[in-house]
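Q: Heads up: the sequence lines are chains Z and D, in that order. Residue 0 is where the first sequence starts when you use numbering that gives the first Met the number 0, and the numbers rise one by one after that. Residue 0 is where the second sequence starts when you use numbering that gives the first Met the number 0, and the numbers rise one by one after that.
Treat the hints with care, as some may be off.
[Stated by the list, open to error] Distance condition first, Cα-Cα at most 25 Å in a straight line; then the derived DMTMM-like pairs of lysine to aspartate or glutamate: (1) D:K6 - Z:E93; (2) Z:K95 - Z:E50; (3) Z:K95 - D:E8; (4) Z:K49 - D:D63.
Keep in mind the hints are simulated off the structure, nothing from the lab.
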Amino acid sequence: MTYRTPLGRVRGLGSAKSGTKHFIHQRFTAVALLPLTIWMLWAVSQWIGKEYEDVVSWLSVSYHAIPLGLYILCTFLHAKLGLQTVIEDYVHCEKKKLFMLIFLNMAIYGLGFTALFSLARLAFVGTGNFAA
Amino acid sequence: MSQPPRKVERPLSPHLQVYKPQISSVLSILHRVTGVGLSFGLVLLTIFLVTASSNADCYNAFADFMNGIIGRLLIVGFSVAMFYHLCSGIRHLLWDLGWGFDVPTMNKTGWMVVIASIGGAVCYLMNLLIIATAAGV
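Pulled out of the complex, with its shape left as it was, chain D reads as follows (with noise of 0.2 Å):
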């Protein structure tokens, strides 16, 4: 009666590395991976509000590393990622609601996300670009 529980061995599914990449498969990870990446702009976003809500000094500390070249490089990623993990997450409810299981939609909706969520975030740098330029930063 006071033996320990028999750990049960559970199968693992395959490693990833044996399948072809496929639009689906590549998608499903991007979402997760987008996922995570923009978890630790979270990071970033409570920053600029405890410097904001500080004092001069400090927010302009932050705002020179953020115009600065990693900043800059951070804002490209997190932007890249949020119009892709924003599309997909469209794609994703779309499913939730039942709609586009079949194969032939789910290919041509996942390259409608790629091509929106590229172009969605390449319009949106440019924008940025712009202003700040605009503001001489």
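Next comes chain Z alone, as it looks inside the complex (with noise of 0.2 Å):
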């Protein structure tokens, strides 16, 4: 049952009816990123003037990649959540917002694909993933 008329529907006025899941996503992100970036400081700690096959070992154990990956994930999604927010909140010109989201979701499944990919391929497979 909808209240709206089809001329406001046809418009795309009013709720798209995402609000919500967007606002829950980011609480169960938020919410999973507690740990998993205390995690990640003591991590980031642990990579500090490591030489180059201790940083390679210390990535490829299950107990680093684990966290590590739920860590990309959460935080690629947290982050994409955020910014679409920042730039629906500022970006005014519809044009202008549209291109800013196009991009903004290449940008973080891009660059969170890439990240997971080598974080995986490290794991299984081993060094030379962009050059032997």
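Using the hints, put the two chains back together into the complex; each one sits in its own frame.
A: Listed below in structure tokens is the structure:
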């Protein structure tokens, strides 16, 4: 049952019906990122000043690769939702907003997949991802 | 019937500059600013994983950059932003649960976030500096 007039719907005004999902996903990823971020801060401290071989073997073990993979998943999604809100709040020109949202999606999914793929490839196959 | 829809000119709230900075507004703006800033850290994380999964020369070039002055400034900036966004985010999640909305509590938790994030970031960065010095970088 919809209370909106056909004219209102065809003009695309009013609720897009996905705002609540956006809100909830932002909070779910935020809650997941509380422990994952603390883990990530610790992880960074483990990479500093290490030799290449040590960093590679550190990243390859499951109990490091799994939380790092989860961190990448949650944080890229959280960043996408947050940046989308910022763009929608401050960019008022419809055309510019559309292009920025498209660019945001390409950047988030492009970088996120690259990060996850590199981590998975390192763990499963080893080095030599982009240059042997 | 074929008229294009009329553009509705909705009012915008007054500009931010006319308000006196308050703990509530400043922290809210900082949450957004640090959130946007941290998103750019994801580029750094991706470069780290790409170079680490490629080869030693690639990774060492990245590590040299991060050990340099620009890299260190990035680490300091992202760490401070991360601690602030984390502490402020906990405050936001408590609000989402309906806790701490009254003005005295809000002011108190606001200052707690400021102190905790600065304290946390300083301790964390000291720890990183000790690790880096011990490793000779």
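Q: Compare the structure with each hint and give your call.
A: Each hint tested on the structure:
At most 25 Å may separate the alpha-carbon atoms for a hinted pair to count; D:K6 and Z:E93 meet this at roughly 12 Å. Taking the CA atoms of Z:K95 and Z:E50, the gap is near 45 Å; set against the 25 Å cutoff, the hint is violated. Using a Cα cut-off of 25 Å, the hinted pair Z:K95 and D:E8 holds, with the two alpha carbons roughly 18 Å apart. Restraint check for Z:K49 and D:D63: satisfied, since their Cα atoms lie roughly 12 Å apart, inside the 25 Å limit.
Violated hints amount to a single one, hint 2; each of the other numbered hints is respected by the structure.
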